[in-house]
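Undergrad: Given only the sequences and the hints, what does the whole structure look like? Please build it.
Heads up: the sequence lines are chains A and B, in that order.
Counting from 1, one number per residue, gives the positions in the first sequence under our numbering.
Counting from 1, one number per residue, gives the positions in the second sequence under our numbering.
Quick caveat, the hints were computed from the structure, so don't treat them as lab data.
Keep in mind it's a predicted model, so treat the numbers as computed, not measured.
Incorrect hints may have been included.
As the list claims (entries may be wrong) - Derived lysine-lysine pairs resembling DSBU-like cross-links, with alpha carbons at most 35 Å apart:
(1) B:Lys182 x B:Lys302
(2) B:Lys153 x B:Lys182
(3) B:Lys153 x B:Lys125
(4) B:Lys125 x B:Lys302
(5) A:Lys7 x B:Lys302
(6) B:Lys125 x A:Lys7
Unchecked claim - Calculated from the model, a selection of chain B residues having no Cβ within reach of chain A, i.e. all distances over 10 Å:
(7) Asp44
(8) Ala196
(9) Pro225
(10) Gly262
Yeah, the Cβ is synthetic: ideal placement off N, Cα and C, and Gly gets one too.
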Amino acid sequence: MSAAIQKCLSCGNLFFPARLFCPECGRENFSTELVEHADVAETTRLADGTLLATLRIPGGPSVVGRVTGGPASSGDRLPLANNLSTTRGVYAYLPDPSQTSGQQP
Amino acid sequence: MTVSIVGTGQSPYTRHPSAGTETSSVIARAVSNALNDSGLRLSDVDGFAVSSFTLGPDHAIDLAWRMGLRLSWLMQDTNGGASAGGMLQHAVRAIEAGDANVIVLAAGDVMDQAAFSRLVASYNKATEDHLAPLPMNGPNALFAMLTTRQMEKLGLSREDYGRIAVAQREWAADNPGAVYRKPLSLDEYLDSPMVATPLGRYDCVPPVTGADAVVLIADPGNGTPRAKVLSVRASYNTDQQSGDGLVAGLRECAPLGWEQSGIGPEDVGLACVYDDYPAMVVAQLSDLGVLSDHDDPATFIKARLATRLLPVNTSGGQLSAGQAGAAGGMHGLAEAARQLMGRAGTRQVAARHAVVSGYGMVLYRYGACATMSVLEAAR
Ligand SMILES: [Zn+2]
Chain A
1 MSAAIQKCLS CGNLFFPARL FCPECGRENF STELVEHADV AETTRLADGT
51 LLATLRIPGG PSVVGRVTGG PASSGDRLPL ANNLSTTRGV YAYLPDPSQT
101 SGQQP
Chain B
1 MTVSIVGTGQ SPYTRHPSAG TETSSVIARA VSNALNDSGL RLSDVDGFAV
51 SSFTLGPDHA IDLAWRMGLR LSWLMQDTNG GASAGGMLQH AVRAIEAGDA
101 NVIVLAAGDV MDQAAFSRLV ASYNKATEDH LAPLPMNGPN ALFAMLTTRQ
151 MEKLGLSRED YGRIAVAQRE WAADNPGAVY RKPLSLDEYL DSPMVATPLG
201 RYDCVPPVTG ADAVVLIADP GNGTPRAKVL SVRASYNTDQ QSGDGLVAGL
251 RECAPLGWEQ SGIGPEDVGL ACVYDDYPAM VVAQLSDLGV LSDHDDPATF
301 IKARLATRLL PVNTSGGQLS AGQAGAAGGM HGLAEAARQL MGRAGTRQVA
351 ARHAVVSGYG MVLYRYGACA TMSVLEAAR
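TA: And the structure:
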């Protein structure tokens, strides 16, 4: 399980959502980094029970995901996935339409 | 700066617009009311700016045409809660440069449940691609997590945010234009249903249909009450969405905004700050320096804001008056001008200077647009 995160080929910084130019170095050559985990910073539970979280990607940006497969709280390290997977276990769903047609890496 | 607001107008806010209500008619009502307030006529207007999420397929020119305006200056701003400050910034320069003499700024929307759902699902591409599929229906969850960060950083509790909501509701009691005017107790606030933890119902702005407008002219200095624009600053995408959202672009606006106005944050007698959530009231008062780094935020809320020693959002703010889509930012600008012109009825305060902030356009995790305006009561 992993999520696709944009990586600047010039300076190595990670971005999500994807940018057109790198906000750090101004270049425009990017690759896709497959990131496996992120750390839960905060969560919020909606009225319908949905648990959403802000997650910090180590060395990268904070992203917003849905905690799926069980509970999680601040400080937990969760696997990331761009698809709603049938795999058991707790993970954070990070939607990305550009990734959903392919196989889960 | 030599430009003043000489009239304000509102199209009455409502939670339940009658079927067939058109955005253009709602905005036109506010324009007409603002012109009446200023003593000027439609034929005097030669500059017009508008912001709206639901005006489409029409644009500013269509609205100008349907209102019968002949113009030498026209603009449309797409920055939601920051659009009023953005339009004001451009309009002041336009009048100073001689491109127009009488400019009306307007913002408004028809924001029923269907329009709100459409707006938040396709707010921008990042929302469409990365937030709506979570699913996330609107920004409540994002500002819930922002509020949690602020609670940890500043040592604030739900009671502290509740005091902001309760204080604004008390102001709304004296604003016939507010949709919620019934007194709100702290217990009611705390016991309200959770929307997105830690935010309850009274932490979230009620979407309404309505519009606000202001009329700007070169400073007349003829004895009529007016709100003189001392400074306008704007900041866009200051931190690339890489921060915690607790410090907005407003902090970048503040140093020059105060310097150009010739006053400091301690001199304002009224603050109309963007209040989509109570946490943003705290964040913006802090960015402006009105809540200084030496103040304990919880004590400041209790001792200055709840007591009205510092009047904040005297219309009831968006939290009680309602958020009329893109008029969210114009609401505070119009209220500040109304107060400085002495036309605020039973909620009138004695301020000579007011600061107004705008905030808007959540790109992914929080808003990326900020504006700051300082106004002075003059004749
Ligand atoms: Zn780079």
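Undergrad: Against the structure shown, which of the earlier numbered hints fail to hold, in ascending order?
TA: Going through the list in order, the structure violates hints 4, 5 and 8 and respects the others.
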